[in-house]
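Chemist: Residues in the sequence shown are numbered from 1143 upward in steps of one, following our numbering.
I should point out that these hints are in silico values taken from the structure, not numbers from a laboratory. One or more hints might be untrue.
In the DSSO-like style, the derived pairs of lysine-lysine whose C-alpha atoms are separated by at most 27 angstroms in a straight line are [what the hints assert, rightly or not]:
| no. | residue 1 | residue 2 |
| --- | --- | --- |
| 1 | Lys-1294 | Lys-1250 |
| 2 | Lys-1302 | Lys-1211 |
| 3 | Lys-1250 | Lys-1331 |
| 4 | Lys-1261 | Lys-1302 |
| 5 | Lys-1211 | Lys-1250 |
| 6 | Lys-1358 | Lys-1331 |
| 7 | Lys-1385 | Lys-1331 |
| 8 | Lys-1261 | Lys-1220 |
| 9 | Lys-1165 | Lys-1215 |
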Amino acid sequence: MTVEFPISTGEADYVARRKQLRKQRRLRIFQRIWQLTFITGITGGMLWVAMLPEWQLRSPSQIEIEGNKLLSKETIRKSLALQYPQSIFQIQPQELANQLEANAPVSKVLVSRTIFPSKLTIQVQERLPIANATRKGQQGFLDAEGIWMPAKAYPSNITKPNLVVLEPNNRAIAQWSTLYRQVSQSQVKISQVDARDDSNLILTTELGLVYFGTYKPAIFNTQLETLDRLRNLPEKFTSKSFKYIDVSQPSDPILEINRSPKDKSSETKS
1143 MTVEFPISTG EADYVARRKQ LRKQRRLRIF QRIWQLTFIT GITGGMLWVA MLPEWQLRSP
1203 SQIEIEGNKL LSKETIRKSL ALQYPQSIFQ IQPQELANQL EANAPVSKVL VSRTIFPSKL
1263 TIQVQERLPI ANATRKGQQG FLDAEGIWMP AKAYPSNITK PNLVVLEPNN RAIAQWSTLY
1323 RQVSQSQVKI SQVDARDDSN LILTTELGLV YFGTYKPAIF NTQLETLDRL RNLPEKFTSK
1383 SFKYIDVSQP SDPILEINRS PKDKSSETKS
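Take these sequences, add in the hints, and give me the full structure.
Modeler: Okay, structure coming up:
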């Protein structure tokens, strides 16, 4: 005799849920395998495409330089630490721009990529030398912002500025941008700026040596105007007849006269 045990409704639901969960688990595993296969295939395909010659920089000739006037294109290209061949997709434009700003006398760089044909376009804004300046025994130039650049960073045939700057202890001059703007607008020609002493700015001008005291932008233009009016000094007061002009007080300029040997001897006798 066969004895049958009826399955309750609750047990049947439990078995059905177990089957459903196993089915869902197998489906998720299949989906993950399919996704992994798809991503691997796409990645591999992209890498394969990236390594094709059509998508690579193979020589510096694929780098176009724009905006350069002083620096040669070859000089700029040499400042880039690029290895050839290299996939165009591996190049990071901003990192390349930062690298060029650190290694070349440029103030701004914009790098853009072209996929087909593969090339780089680099737009540069050069730092223009406006004054000669020496730091730590090395000759170089200053730009209008006071950034110092070694002379060797520029072509040897560059036209050197007429202005010479003597900096305080090989460091930048405070408020240089403002000082340079005022100097460049002066009616009196200035050939040298000596800022080594913070308490006395000394300029070499067409009238001779001039003391300005502590540089103060608010009164510097007035001092330059006073100096310009001193062009009307009698002809006997040439730059050889006095040591310097002091315009630290522009309303009361001082002319330090060189005493002749006769004056010194008469002073001794008296």
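Chemist: All the hints need checking, so say for each whether the structure fits it.
Modeler: Against the structure, the hints:
1. Simply put, Lys-1294 and Lys-1250 have alpha-carbon atoms about 20 angstroms apart, close enough for the 27 angstroms limit, and the pair holds.
2. Only pairs whose Cα atoms come within 27 angstroms are accepted, and Lys-1302 paired with Lys-1211 is accepted, the gap being roughly 15 angstroms.
3. Between the alpha carbons of Lys-1250 and Lys-1331 the distance comes to roughly 31 angstroms, so the proposed pair goes past 27 angstroms and is violated.
4. This hinted pair does not check out: Lys-1261 and Lys-1302 have alpha carbons roughly 34 angstroms apart, beyond 27 angstroms.
5. Our distance criterion of 27 angstroms between C-alpha atoms is met by Lys-1211 and Lys-1250, whose separation comes to about 14 angstroms.
6. The hinted pair formed by Lys-1358 and Lys-1331 meets the criterion: a straight-line CA distance of about 20 angstroms does not exceed 27 angstroms.
7. Of the supplied pair hints, the one linking Lys-1385 and Lys-1331 holds, its CA atoms being roughly 18 angstroms apart against a limit of 27 angstroms.
8. With a C-alpha separation of about 16 angstroms, the suggested pair Lys-1261 and Lys-1220 falls inside the 27 angstroms cut-off, and the hint holds.
9. In summary, the hint linking Lys-1165 to Lys-1215 is not supported, as the alpha carbons are separated by about 65 angstroms, beyond the 27 angstroms threshold.
When each numbered hint is compared with the structure, violations occur for hints 3, 4, 9.
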